[in-house]
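If you're matching them up, the sequences are chains R and B in order. Under this note's numbering, think of the first position of the first sequence as 1, with each following residue one higher. Under this note's numbering, think of the first position of the second sequence as 1001, with each following residue one higher.
Treat the hints as calculated values from the structure; they're not laboratory data. A hint or two may mislead.
These stretches of chain B come out as covered by chain R in the derived footprint (C-beta under 8 Å, 3 or more residues) [stated by the list, open to error]:
no., segment
1, 1084-1092
2, 1229-1237
Heads up, incomplete: computed chain R residues facing chain B, CB under 10 Å, no partners named [said to hold, decoys possible]:
no., residue
3, ARG110
4, GLY138
5, PRO139
6, SER143
7, ILE176
8, LEU180
9, SER183
10, ARG187
11, ARG193
12, LEU197
13, GLY203
14, THR208
15, ASP233
16, LEU234
Cβ coordinates follow ideal geometry from the N, Cα and C atoms, glycine included.
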Amino acid sequence: MPGARRIGFFVLVAALLVFPFADRNNSHVDFLANAGAFILLALGLNIVVGFAGLLDLGYAAFFAIGSYSYAMLASQQFGLHVPFWLMLLVAPVIAAIFGVLLGAPTLRLRGDYLAIVTLGFGEIVPQTFLNLAQFTNGPNGISSLDQPSLFGRPFGFSATPYYYVLLGLIALGILIARNLQNSRLGRAWMAIREDELAARHMGINTTTTKLAAFALGASFSGLAGVAYAAKLDLVSPDQFQFNVSVLVLSMLVLGGMGNIWGVIVGSFILSFVNSFLLPQSTTLAHAAGFANVDFTNYRFMLYGVILVAMMLFRPEGLIPSRQRAAEFHEALTDAPVAAQEQAEYEGPPR
Amino acid sequence: MPLLELDSVRKSFGGLVAVKDVSFAIEAGTIAAMIGPNGAGKSTVFNLITGIYVPEGGTIAFEGRKLGGLRTHRIAALGIARTFQNIRLFAFMSAVDNVLAGRHARMHATMFDSLVHTPRQRAEERAGRERARELLRFVDLERHAGDYARNLPYGSQRRLEIARALASDPKLLLLDEPAAGMNPREKEELIALIVRIRDLGVTVFLIEHDMALVMNVSERVTVLDYGEKIAEGAPADVRRDERVIEAYLGRPDVA
């Protein structure tokens, strides 16, 4: 990282750490904590879609599995009370197992066909939680989940402890995603994304490599699910509908598919619009006397406009995945960066 | 024992027999070529060798080991690398990452290693990058190491594909029309490169339309026409073979 960016990074981290003390408005911290869960989801989906190029339209299914794991294993539901911190280890494993189970049948599919099948899984999973009423209370969901506690002190109803948990999880997620990106496995994913047939000729076992992407991608949503469920104190099937999958995918498209920082920025912007800007402006409009206005109803129209505008004007996202050339300074001088900036996202391999 | 041996290999698509009981052998340390008119089945032979297709009959043996049914990535790991007729680089990866991806079979980092960057993974990564650099230098692309593959000029892309193939330390390198679209100067450089590759101890087997290049560089030529082997031998003999001339120019009384 160059000097200026490094300083900026540390300022950002420091600001994030002191934020709950500086801004005592719990609703702001609450918003950031929720946004954090979605950043974690976006980082996970980025592994599947951004790195490996496997278009997954049912990612919310794994979010559901993570959330329900916590709800079933840490509540009165079955009288099981696995500690929150242990669940942060267990739930990603459960989600990863389902990632493999749901990924396995799709291995031979590509592009549109893969998208349709994952879309199906995204529908099946919440439906299953809805219908298994004897375990999940059906549409009512599971409530009164165990409250996490640290050193014997319960988290309580403040969003602040969750904020810090999610901050830590995001830091971990960034570290893992970066490590993966610069590794044998990460290169294998990208090779499959770019040209699956050529990847096989490089000795890459596309079967296990794709399954690894599904498993690791799902494990992120396992983490997000546990934190989100504990914070909300409620899990119900309607939290994991198709629109959640679309929202997370939109975050990737907005920020820049494949780029970790881009994905985080895209995720934050959409969360901000979704949970802050639209409700706040509605409140303002009501205060100004426009009682019938509800901007939150225009949420999906706004996503649509953003997606279309991005595809037209900046298909690579706000912060596109840039060539990693820090160690190749001499190459940088004659690198045709401008040409690459215009590069269009070409989608999964043919 | 030949390095690669095809024995009555057969493959058809629907009613069309693309490769008809073809047999030939390639000796280690040589440069061999396969020629033939368009649609003669040359690329299909490559796809059979690398396990993209499974032969319907006959056997393919590499170092005496039968490849029948092995999946492509396993065959690649045995030491057979290839390039493609239409360049198939990893477009949105840097040149050096393309080469590193080509080294996949020779690297051993597990999922866990990749997740946490263990010391073992770091050491392997360093060595891999070093080797990738060497290979880029070998094909004269070192200064493009950080560029996206898609941003390289055409001739450089062809050379990058060769570097990527060499990254797996192959014993046999299959080149599918490496000179396609090259100008005369680039072709000369390519001939020199192919010879240098052979001198590294890598056996080269190429498909090529450019007769001058084939005659210049290869020690042994196999000619296919309509999926059948119609001639085989030293370049000078093959070019005088009547069936070969007929396949390329047509029968005199018909023309």
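Results of checking the hints against the structure:
Check result for the segment 1084-1092 of chain B against chain R: holds, 6 residues qualifying (beta carbon to beta carbon below 8 Å, three or more required). By the rule of at least three residues with a Cβ nearer than 8 Å to a Cβ of chain R, the coverage given for the segment 1229-1237 of chain B is violated, with 0 such residues. Hint status for R:ARG110: violated, given a least beta-carbon distance of 15 Å to chain B, over 10 Å. Because the closest C-beta pair between R:GLY138 and chain B is about 37 Å apart, greater than 10 Å, the hint is violated.
Given the 10 Å rule on beta carbons, the hint for R:PRO139 is violated: about 38 Å separates it from the nearest Cβ of chain B. Because the closest C-beta pair between R:SER143 and chain B is about 35 Å apart, greater than 10 Å, the hint is violated. With its C-beta approaching chain B no nearer than about 6 Å, R:ILE176 sits inside the 10 Å limit, and its interface hint holds. This hint holds: R:LEU180 has a C-beta 6 Å from the nearest C-beta of chain B, less than the 10 Å allowed.
The criterion of a C-beta within 10 Å of any C-beta in chain B is met by R:SER183, whose closest approach is roughly 4 Å, and the hint holds. Interface hint status for R:ARG187: upheld, as the beta-carbon distance to the closest one in chain B is roughly 5 Å, under 10 Å. Restraint check, R:ARG193 versus chain B: the minimum CB separation of about 8 Å is within 10 Å; hint holds. Taking 10 Å as the C-beta contact cut-off toward chain B, the hint placing R:LEU197 at the interface holds, the least distance being around 7 Å.
Among the interface hints, the one on R:GLY203 holds; its C-beta lies about 3 Å from the nearest C-beta in chain B, closer than the 10 Å criterion. Annotation: interface hint on R:THR208 holds; nearest CB of chain B at approximately 9 Å, less than 10 Å. Residue-level restraint check for R:ASP233 is violated (minimum Cβ-Cβ distance to chain B is 32 Å; threshold 10 Å). Here the hint on R:LEU234 is broken, as its CB sits about 32 Å from the closest CB of chain B, past 10 Å.
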